[in-house]
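Assemble the whole structure, with the sequences as input and the hints as a guide.
Protein chains in written order, with my numbering: chain P, 1 to 291; chain R, 1001 to 1278.
Hint data in this document are derived by calculation from the structure and do not stem from the laboratory.
Among the hints, erroneous ones may be present.
As the list claims (entries may be wrong) - Partial list, derived from the structure: chain R residues whose beta carbon lies under 7 Å from chain P:
(1) Ala1094
(2) Leu1128
(3) Leu1232
(4) Lys1236
(5) Gly1237
Here a beta-carbon is modelled for each residue, glycine too, at the ideal position from N, C-alpha and C.
Below are the chains, spelled out letter by letter.
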Amino acid sequence: MFMRAWKPWLYLLPALVIYLIVIFVPTLNTLYLSFFKWNGVAPDKTFVGLHNYTNLFLHDTVFGTALKNNLLWVAGSLLFVIGFGLLLALLLNAKLKGRIVFRGVFYFPYVLSGVIVATMWAWMYNPTQGFVNKVLESVGLESWAQAWLADPRTALGAVFIAALWHGIGQPMVLFLAGLQTIPADPYEAAIIDGAKRYQTFWHITLPLLRETFIIVFATTFIAAMKVYDIIYAMTAGGPAESTQVLSSWMYYQTFKFANIGSGSAISMILVLVSMVIIIPYVIFTTRRSHV
Amino acid sequence: MGEQHASPVLVSIRYAVLIVLALLFLVPIVFIVFTALKSNAELASRPFYALPSEPQWGNFAKAWNQGRLSMYIKNTLIICLVKVPLGILIEAFAAYALTRMKFRWSNAMFAFFLVGMMIPMQATLVPLNVFLNKTGLVSTYPGIMLVYLGFGIPFGIFVLRGFFRAIPMELDEAAYIDGCGDFQKFVKVILPLSMPAIATLVIFDFMATWNEFLLAQIFITKDEMKTITTGLLSFKGEHTANYTLMSAGVLISIVPVLAVYLAFQRYFVSGLAGAVKG
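Below you can see the structure in the form of structure tokens.
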């Protein structure tokens, strides 16, 4: 089939131009800015080399908190979001009446925005009239009632529970789809061989869910690395910067304190961490779709 | 199927666990519905679990008008209605070139677009802000749409390319023999066959655009241009102590998403798995 060489480029052009303007060029520009000290308005930028990066790690204590919180958030998400998602999927993977209703209930929060979830849960945690403290009072645990979001010891955990409610439906649906592709034969064979239920789970279900695990792991990890909306809308990084994460601290450094260099360095750290997960993931998915 | 045949006792336990968990999941929703339907006086004086004595529908009208939620929702709707179809069209054109046109650079270009999937939005904000300010696009529909289009492109191309590849090449040859040019082949063969992938993408793109917060927060500074996420946040900031009004506002902003979700639940649940798997 004869085709003029420029023709594919014509079809690619709109996507390519927008992609270059919105993502590619700005990202390179941010990398460049991360080597400068700049307040965003002054005509002159001062080249400082890697100073913005070393300064973050050596002198910015809030960055330390943000990094630690982000890692905790990733660990918590991998453990609880994936764990509960799998548990719900296993519970729903049976011929049950009302299965679709249950699935709908667990998945529904996932379609809401982080801001909505944050607003709902801030009200749940309201110190005087919120559901959590009211319930504690009505069962005689007044002493447990507290200002959940105003105490640095409980704030991050409280936001995380809201995020768990928000995000659990996604791995659940993916696991459910994965479970449905497992044929019945291996289970029947195992039962004939006298295998116990937990053994079939360990030796058949989990290994056959490997692909689903890879997808869920990658998407959960990336989402947890980038967590922003729910934290910003619930605590804005407070109290006393105790719930800052990399994304929110980047926002403050850049748009509140006008430390463009530091903010850019934080974004580049986010890029690096994301690449570690996404590159193998993309290779995995594209290789599979080639077959 | 990995479904196990279990005794009635196990089935009952399974139901019991599911019902308890489902009720727990519904608590925040029920609590906010109760709050939205109460008056502030009733909220303070009667127990939190009491049904609203006289539903205060007026809270919703107040949030809709006074809280300017109508304006935020209108803005978001306009952005979604242009961005989603336009974005998918642009992504489909690109995916078509990458899969159906003999083109030496197609794999390299695909990899180049995929790089965009690993760039967190944060890494683009400052230069984009400078660009949008210089071009006068801050706080405008074209400005925010451009940014949303950009961030949709890598994933859209990823999904559509995966789907287009699965369409047999014989169809192209048949279309070619019938005298179809590239553009006709795209419109008459590839697009109609790709409706399942496009439907999934429409829904996900709509939800992602509707719920987007960070870009809207940075690039929309005028209140009258705000979308529902940033608008709800300023609404919340202005009514910090008015919990009934705030709850009504939250419920209003849930309704459009809930409607889309209930109408297309099938696509959400099956499409998600398909979309992620590529």
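Hints and how they fare:
1. Ala1094: Because about 4 Å separates alanine 1094(R) from the closest Cβ in chain P, which is inside the 7 Å limit, the hint holds.
2. Leu1128: Since the shortest Cβ distance to chain P is 5 Å, the answer is holds.
3. Leu1232: Since chain P brings a Cβ to about 5 Å from leucine 1232(R), closer than 7 Å, the hint holds.
4. Lys1236: Because about 6 Å separates lysine 1236(R) from the closest Cβ in chain P, which is inside the 7 Å limit, the hint holds.
5. Gly1237: Cβ of glycine 1237(R) sits 10 Å from chain P, so the hint is violated.
Consistency with the previously given hints fails for number 5 only.
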